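A.B. asks: Chain residues, written in single-letter form:
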Amino acid sequence: MTTTTIAPEQVEIEAPAETWKGQNVPRKEDKRLVQGLGVFVDDIKRHGMGFIHFVRSPYAHAHITSLDVSKAEAAPGVYGTLTGEEVASLTDPFFQISSVPGGNIKDFALAVGKVRYVGEAIVAVVAETRELARDASELVEIEYEPIAPITDARHALADDAATIHEDAGGNLMWEGTYEWGDLDAAFGEADKIVKIDELHFHRFNSTPLETNGALVEYNRGTGQWTIHTNNQFPGFAAIMMGPAMRTGLDKLRFVTQDIGGGFGNKITSHPQLVACCLLARKLGRPVQWTEWRTDFHSSMSHGNERWFQDTEVAVRNDGTLLGFRTKALDDAGAWLRYEPLGGVIWAQVTPGMYRWRHIRLEFTQVATNKAPVSPNRGYSRMQHLWFTERVIDIVAQELGLDPVEVRKRNYIRTEDMPYETPNGCVYDSGDYAKMLDIGLDLIGWDKRKERRADAAARGKLLGVGIGSTLDSGTNNFGQSRMINPELQFSGNNEVATVKLDIFGEIVVTLGTTPQGQGHETTAAQVVADILQCSVDDVHVRAGHDSYWNSHAGFSGTYASQFAVTGLSAVKGATDMLAAEIKKLASAVFGGVPEEALELAEGSVRIKDNPDAALPFMACGAIINANNAGLPEDLGVTLNCRYVYRPPFEVPDIEKKFGNLTLTYAAQVHVAMIEIDPETGYYDIVDYAAVDDCGKRINPQIVEGQVMGATAQALGGVMHEQFVYDEDGNLLTPNFYDYHVPHALDMPPLKTGFVESPSPFTALGTKGMGEGGGAGIHAVCAAVQDALRAHGGAIVVDSANPYHTVWEMLEHPEHTKQTISVVDA
Amino acid sequence: MDASAPAISTSRTITVTINGTTYEREVEARKLLIHFIRDDIDLTGSHIGCDTGNCGACSVILDGTLVKSCMLLAVQADGSSIETVEGLADGDELSKLQQAFSARHALQCGYCTPGMLMSATALLRSNPAPSENEIKKGLQGNICRCTGYWNIFEAVKEASGQ
Numbered sequence: 001m002t003t004t005t006i007a008p009e010q011v012e013i014e015a016p017a018e019t020w021k022g023q024n025v026p027r028k029e030d031k032r033l034v035q036g037l038g039v040f041v042d043d044i045k046r047h048g049m050g051f052i053h054f055v056r057s058p059y060a061h062a063h064i065t066s067l068d069v070s071k072a073e074a075a076p077g078v079y080g081t082l083t084g085e086e087v088a089s090l091t092d093p094f095f096q097i098s099s100v101p102g103g104n105i106k107d108f109a110l111a112v113g114k115v116r117y118v119g120e121a122i123v124a125v126v127a128e129t130r131e132l133a134r135d136a137s138e139l140v141e142i143e144y145e146p147i148a149p150i151t152d153a154r155h156a157l158a159d160d161a162a163t164i165h166e167d168a169g170g171n172l173m174w175e176g177t178y179e180w181g182d183l184d185a186a187f188g189e190a191d192k193i194v195k196i197d198e199l200h201f202h203r204f205n206s207t208p209l210e211t212n213g214a215l216v217e218y219n220r221g222t223g224q225w226t227i228h229t230n231n232q233f234p235g236f237a238a239i240m241m242g243p244a245m246r247t248g249l250d251k252l253r254f255v256t257q258d259i260g261g262g263f264g265n266k267i268t269s270h271p272q273l274v275a276c277c278l279l280a281r282k283l284g285r286p287v288q289w290t291e292w293r294t295d296f297h298s299s300m301s302h303g304n305e306r307w308f309q310d311t312e313v314a315v316r317n318d319g320t321l322l323g324f325r326t327k328a329l330d331d332a333g334a335w336l337r338y339e340p341l342g343g344v345i346w347a348q349v350t351p352g353m354y355r356w357r358h359i360r361l362e363f364t365q366v367a368t369n370k371a372p373v374s375p376n377r378g379y380s381r382m383q384h385l386w387f388t389e390r391v392i393d394i395v396a397q398e399l400g401l402d403p404v405e406v407r408k409r410n411y412i413r414t415e416d417m418p419y420e421t422p423n424g425c426v427y428d429s430g431d432y433a434k435m436l437d438i439g440l441d442l443i444g445w446d447k448r449k450e451r452r453a454d455a456a457a458r459g460k461l462l463g464v465g466i467g468s469t470l471d472s473g474t475n476n477f478g479q480s481r482m483i484n485p486e487l488q489f490s491g492n493n494e495v496a497t498v499k500l501d502i503f504g505e506i507v508v509t510l511g512t513t514p515q516g517q518g519h520e521t522t523a524a525q526v527v528a529d530i531l532q533c534s535v536d537d538v539h540v541r542a543g544h545d546s547y548w549n550s551h552a553g554f555s556g557t558y559a560s561q562f563a564v565t566g567l568s569a570v571k572g573a574t575d576m577l578a579a580e581i582k583k584l585a586s587a588v589f590g591g592v593p594e595e596a597l598e599l600a601e602g603s604v605r606i607k608d609n610p611d612a613a614l615p616f617m618a619c620g621a622i623i624n625a626n627n628a629g630l631p632e633d634l635g636v637t638l639n640c641r642y643v644y645r646p647p648f649e650v651p652d653i654e655k656k657f658g659n660l661t662l663t664y665a666a667q668v669h670v671a672m673i674e675i676d677p678e679t680g681y682y683d684i685v686d687y688a689a690v691d692d693c694g695k696r697i698n699p700q701i702v703e704g705q706v707m708g709a710t711a712q713a714l715g716g717v718m719h720e721q722f723v724y725d726e727d728g729n730l731l732t733p734n735f736y737d738y739h740v741p742h743a744l745d746m747p748p749l750k751t752g753f754v755e756s757p758s759p760f761t762a763l764g765t766k767g768m769g770e771g772g773g774a775g776i777h778a779v780c781a782a783v784q785d786a787l788r789a790h791g792g793a794i795v796v797d798s799a800n801p802y803h804t805v806w807e808m809l810e811h812p813e814h815t816k817q818t819i820s821v822v823d824a
Numbered sequence: 825m826d827a828s829a830p831a832i833s834t835s836r837t838i839t840v841t842i843n844g845t846t847y848e849r850e851v852e853a854r855k856l857l858i859h860f861i862r863d864d865i866d867l868t869g870s871h872i873g874c875d876t877g878n879c880g881a882c883s884v885i886l887d888g889t890l891v892k893s894c895m896l897l898a899v900q901a902d903g904s905s906i907e908t909v910e911g912l913a914d915g916d917e918l919s920k921l922q923q924a925f926s927a928r929h930a931l932q933c934g935y936c937t938p939g940m941l942m943s944a945t946a947l948l949r950s951n952p953a954p955s956e957n958e959i960k961k962g963l964q965g966n967i968c969r970c971t972g973y974w975n976i977f978e979a980v981k982e983a984s985g986q
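Heads up: the protein sequence lines correspond to chains U and E, in order.
Counting from 1, one number per residue, gives the positions in the first sequence under our numbering.
Counting from 825, one number per residue, gives the positions in the second sequence under our numbering.
Just chain U, with the same shape it has in the complex (with noise of 0.2 angstroms):
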């Protein structure tokens, strides 16, 4: 099954360990997980509770010509409804994160007057049951005026193409241009430019396990609502609901335990949040939203579909890459939920890992009669990275070389570290050839031929792809300031507390809001090494609630960061923990120096006479019960706040030049397929993923994320696609049509890792877990790879499902001549 490099063996949590960081520390939070004692939001209940049920669009585009809930109202048990209408006089359009023209559309909670995606929601119902609610959404009466969709983002701006948004004046939603270097000179120094028609990234995401939900109840008396969810950047809801519902942000409260799987897929649930908290306010009693899985696949957060059009590779005979230009084509779907970010998110990895530095990229994004795309794991630069990856390959391929020798001419070097990027990035640390080596060693690289001949043998056709990417963690939010550069966001920042309770009970609190990384027993890890205790010792308290954690304007758990932001600030609130114990014993012990003083086992003692030891029981029991006669001027609280800043500029908004991510995890993938000619159905034989994400905190967690990522990848390019039809009907909205991997899909799998410790950080660690699409990337190139000989098709599609394998196989020419090489 797997081999690892890593031991993925537990430590015995009864020893302490010299240091627990780099240890595979069991999480905290299995004990409660794998006895089903997790706390999900449709696992919250109250009394008297109403269940929504949002009524959908069947159209996607029309004009809603009438509507009436009447008879919806007068359904059994049914408590009462919300209309597109009531909530356009209830609340202010969403803030928009774009510059004009797509921050001219005005977004609500509900639909208004127009429908824009099949499952756009029009009304909600609430009823006493679920069943009831569904009921009766079949009461409610809506006419349509069916309005041309458009489907395909190609055709947005065509001068006949209906115009989706009114307020945008048409479908542009965004548009910049980034160009960094010099394109003529870098042209004109190349032998060779490599032409490529068009490439084109799909559709899909990670569909999370658990749907969006919530559980919103309205107090009357101080005009505040809680809301049980599972949104995963409550950060974000806040800004985004606060102003809509015209309320400070105190009076939204947001209260999270376990989160069913997020991957950037929670981050949008803005809208219905809203919904529910009118619902609440409106029928005097708590809602609860479960979303089905089919309207969480046919309304939230798909992965931005991207065109490359029209690109241009500058070249040297020996493979040398010198510089590019493309046209980037983004489909943002109905709404800007988060989008046009993805319009700057890319421009963190510009290069990829590459030493190309001329570099132009035109991008345009334009509205659709499709779901709205928001973050979803690899965020834009999954979509950029796999284009970076499918140039390599293409120029291997044109100029009959192996791509292989053409990473390795061009990847940034070791020795180049800290890198700055044509853009102004900084890639931290890192060693890609060492880890393109050792990938190609765990697949047996050297043995390929002997593999393909025996592939051969049994009729197959073997090919071997790479995958090299990067992870950037930690965003300087100034990088929005290029999409906007009205808005007022910049910087980065992570809270947390910690704190010495009153029986020497160590109590950590974090701003985020974890679905599965572990963060509780990371977040101890750490601090038992500061504190010098046992993991057991320390509690990290499961969940958030912005009532009582402390949090920050970007606190959450998205775009790979916590083990930057979140453990540098549990790590400063631990430090500065320590600083006070020891500023405590000093005084209780008379004055001794505070350099004579250490923390170990769980006390603090004098170095020189361990047997004067305070255990923390008395530290905070001194403190908190026990602290007359204490100096005055002491300054000792024992409960401590620490807000992790990383060193950000605000970047350069003219040039588009500027550190945009803190850290560059780095992820090395390399598949071998064996691919049937005659179906064009292929299986992974040989899979292996390295990783480089600096020190590694919890090595079995950060393997857990890896092998996720790639699972995620494998299914993104072999089967998950969210098709829809030339009416704008969604295709596959459910598990039955939308197949993510199941247990026998899965290949066999290889990891390894290099460990390049960040210099920017405190920990040496990076952030990691999005593996930047790395397997797609790979299973793209080993498709290829295997067609070299056989036709020769080109892969110009990041979705290879068999059928489509089958058509490369069937007619070469249609991909192949979309490329073209012309002497410079």
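A couple of the hints might just be wrong.
A partial selection of chain E residues facing chain U, derived with a Cβ cut-off under 7 angstroms [stated by the list, open to error]:
hint : residue
1    : M895
2    : D914
3    : G915
4    : Q922
5    : H929
6    : C936
7    : N951
8    : P952
9    : K960
10   : L963
11   : I967
12   : G972
13   : W974
Here are the simulated PhoX-like pairs of lysine-lysine, each with C-alpha atoms no more than 20 angstroms apart in a straight line [claimed, not checked]:
hint : chain 1 : residue 1 : chain 2 : residue 2
14   : U       : K750      : E       : K981
15   : U       : K449      : U       : K460
16   : U       : K28       : E       : K920
17   : U       : K192      : U       : K816
18   : U       : K71       : U       : K106
19   : E       : K960      : E       : K981
20   : E       : K981      : E       : K961
21   : U       : K31       : E       : K920
22   : U       : K750      : E       : K920
23   : U       : K750      : U       : K434
24   : U       : K816      : U       : K195
25   : U       : K750      : U       : K447
In short, the hints are calculated from the structure, not lab data.
Here the structure is a predicted model, which is why all the values come from computation and not from measurement.
For every residue, glycine included, the Cβ atom is placed at its ideal position computed from N, Cα and C.
Got chain U sorted already, so can you dock chain E onto it with the hints?
C.D. replies: Just chain E now, kept in the frame of chain U:
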């Protein structure tokens, strides 16, 4: 739909034993077994992930047979004995499978885990020493979106003493 026709629901009293405790409840005839377990009995360990019988998060063992409780009506379970994830541990002592899931990091968010554990429990009862392929087949009805399954296979193998 005829707007004047109210939603008709009939209900029935059923008796079900879950993890050794017998419950008698009046339920709507159309209520799914998973909703009965989660909402009426308040055993929220079994989850719902797909509404269509694909994901297995709601898997329970009914009279010794592994079933997806979203594919049955509660009334169909009348008179039966059901095991859910809440019944796997012996007091504070986790079952071998539960321990192995933690030791091998076979869970991340934990949402699929209850169903996965019930499928694995049923597998090991019928086949105490499954091969790799038999483990995969035994778990093919359960979707996990976090782990890629590899560590789950390892955990089942470990729990089987292999």
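A.B. asks: Hint by hint, note whether the structure agrees.
C.D. replies: Going down the list of hints, with the structure as the test:
1. Nearest Cβ of chain U to the Cβ of M895 of chain E: about 13 angstroms, over the 7 angstroms cut. The hint is violated.
2. For D914 of chain E, the shortest C-beta to C-beta distance to chain U is roughly 11 angstroms, which exceeds 7 angstroms, and the interface hint is violated.
3. Look at G915 of chain E: its Cβ only gets to about 11 angstroms from chain U, farther than 7 angstroms, so that hint breaks.
4. The beta carbon of Q922 of chain E is positioned within 7 angstroms of a beta carbon in chain U (closest approach about 4 angstroms), and the interface hint is therefore held.
5. Checking H929 of chain E against chain U by beta carbon gives a least distance of about 5 angstroms; that is within 7 angstroms, so the hint holds.
6. For C936 of chain E, the shortest C-beta to C-beta distance to chain U is roughly 5 angstroms, which falls under 7 angstroms, so the interface hint holds.
7. Interface hint status for N951 of chain E: violated, as the beta-carbon distance to the closest one in chain U is roughly 15 angstroms, over 7 angstroms.
8. Below 7 angstroms, beta-carbon pairs count as interface contacts, and P952 of chain E has none with chain U, the closest being about 19 angstroms; its hint is therefore violated.
9. Nearest Cβ of chain U to the Cβ of K960 of chain E: about 4 angstroms, under the 7 angstroms cut. The hint holds.
10. Interface restraint check: L963 of chain E against chain U, minimum CB-CB distance 4 angstroms, threshold 7 angstroms, status holds.
11. Of the supplied interface hints, the one on I967 of chain E holds, with its beta-carbon coming within about 6 angstroms of a beta-carbon of chain U, less than 7 angstroms.
12. The beta carbon of G972 of chain E comes within 3 angstroms of a beta carbon in chain U, closer than 7 angstroms, and the hint placing it at the interface holds.
13. Look at W974 of chain E: its Cβ gets to within about 5 angstroms of chain U, closer than 7 angstroms, so that hint holds up.
14. Distance restraint check for K750 of chain U and K981 of chain E: the Cα-Cα separation of roughly 18 angstroms lies within the 20 angstroms cut-off, and the hinted pair is therefore satisfied.
15. A threshold of 20 angstroms between alpha carbons decides the hint, and for K449 of chain U with K460 of chain U the separation of about 13 angstroms falls inside it, so the pair holds.
16. Between K28 of chain U and K920 of chain E, the direct Cα distance comes to roughly 18 angstroms. Compliance with the 20 angstroms bound is thereby established for this hinted pair.
17. Using a Cα cut-off of 20 angstroms, the hinted pair K192 of chain U and K816 of chain U holds, with the two alpha carbons roughly 17 angstroms apart.
18. Restraint check for K71 of chain U and K106 of chain U: the C-alpha separation of about 29 angstroms exceeds 20 angstroms, so the hint is violated.
19. A distance of roughly 11 angstroms separates the Cα atoms of K960 of chain E and K981 of chain E; the hinted pair therefore holds under the 20 angstroms criterion.
20. The straight-line distance between the Cα atoms of K981 of chain E and K961 of chain E is roughly 13 angstroms, inside the 20 angstroms bound, and the hint therefore holds.
21. For a cut-off of 20 angstroms, the pair hint linking K31 of chain U to K920 of chain E stands: about 13 angstroms separates their Cα positions.
22. A threshold of 20 angstroms between alpha carbons decides the hint, and for K750 of chain U with K920 of chain E the separation of about 26 angstroms lies outside it, so the pair is violated.
23. Between K750 of chain U and K434 of chain U, the direct Cα distance comes to roughly 16 angstroms. Compliance with the 20 angstroms bound is thereby established for this hinted pair.
24. Our distance criterion of 20 angstroms between C-alpha atoms is met by K816 of chain U and K195 of chain U, whose separation comes to about 11 angstroms.
25. Between K750 of chain U and K447 of chain U the alpha-carbon distance is near 16 angstroms, which keeps this suggested pair within the 20 angstroms criterion.
Of the numbered hints listed earlier, those contradicted by the structure are 1, 2, 3, 7, 8, 18 and 22.
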